[in-house]
Amino acid sequence: MPWPAVPLDSTRLIKAYFQSSYIPRLFIVSSDGKILSHQGVDDVKRKGIDALKTWTQGETVAPPVEDEFEWEDISCNGCSMDPIIGQRYCCSSCDNYDLCSTCAKKGHEHPLELVPQSTEDDDD
Numbered sequence: 004m005p006w007p008a009v010p011l012d013s014t015r016l017i018k019a020y021f022q023s024s025y026i027p028r029l030f031i032v033s034s035d036g037k038i039l040s041h042q043g044v045d046d047v048k049r050k051g052i053d054a055l056k057t058w059t060q061g062e063t064v065a066p067p068v069e070d071e072f073e074w075e076d077i078s079c080n081g082c083s084m085d086p087i088i089g090q091r092y093c094c095s096s097c098d099n100y101d102l103c104s105t106c107a108k109k110g111h112e113h114p115l116e117l118v119p120q121s122t123e124d125d126d127d
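Under the numbering used here, the first residue of the sequence shown carries the number 4, and numbering increases by one thereafter.
Any given hint might turn out to be false.
[To be verified] Computed cross-link-like contacts, EDC-like style, restricted to lysine to aspartate or glutamate with a CA-CA straight-line distance of at most 16 Å:
1. 37 to 62
2. 48 to 73
3. 50 to 71
4. 48 to 75
5. 50 to 62
6. 50 to 73
7. 48 to 71
Since the hints were derived computationally from the structure, they do not count as laboratory data.
Kindly generate the complete structure, drawing on both the sequences and the hints.
Okay, here's the thing in structure tokens:
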């Protein structure tokens, strides 16, 4: 390995270096040390071998379009879509209540808030 490995139990060091609070995570790093992706697993799930080809050229994978964004571990309380794909809405009055865009259009007894999708630079 051309760089020193950091043991997973050194999460504080990993979190500080990669500026991420969500560990474990697959970071893709180029040979010159540039971080190509904070979300390697998600990139491979979406793009497959094309993600690997992109990284070997030292480039980053394009983020998912809004309608393809996958909310890992979040399901819709209206239709049970698991995970929610696309836009996600939450109810600020109900505890842990999320809806997909289709169910949100049907309405809810309280106002719903659109949850912003994270980007490559955001932290989960």
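Now the hints, each set against the structure:
| no. | hint | in the structure |
| --- | --- | --- |
| 1 | 37 to 62 | holds, 10 Å |
| 2 | 48 to 73 | holds, 10 Å |
| 3 | 50 to 71 | holds, 12 Å |
| 4 | 48 to 75 | holds, 12 Å |
| 5 | 50 to 62 | holds, 14 Å |
| 6 | 50 to 73 | holds, 13 Å |
| 7 | 48 to 71 | holds, 12 Å |
In this structure, every one of the numbered hints holds.
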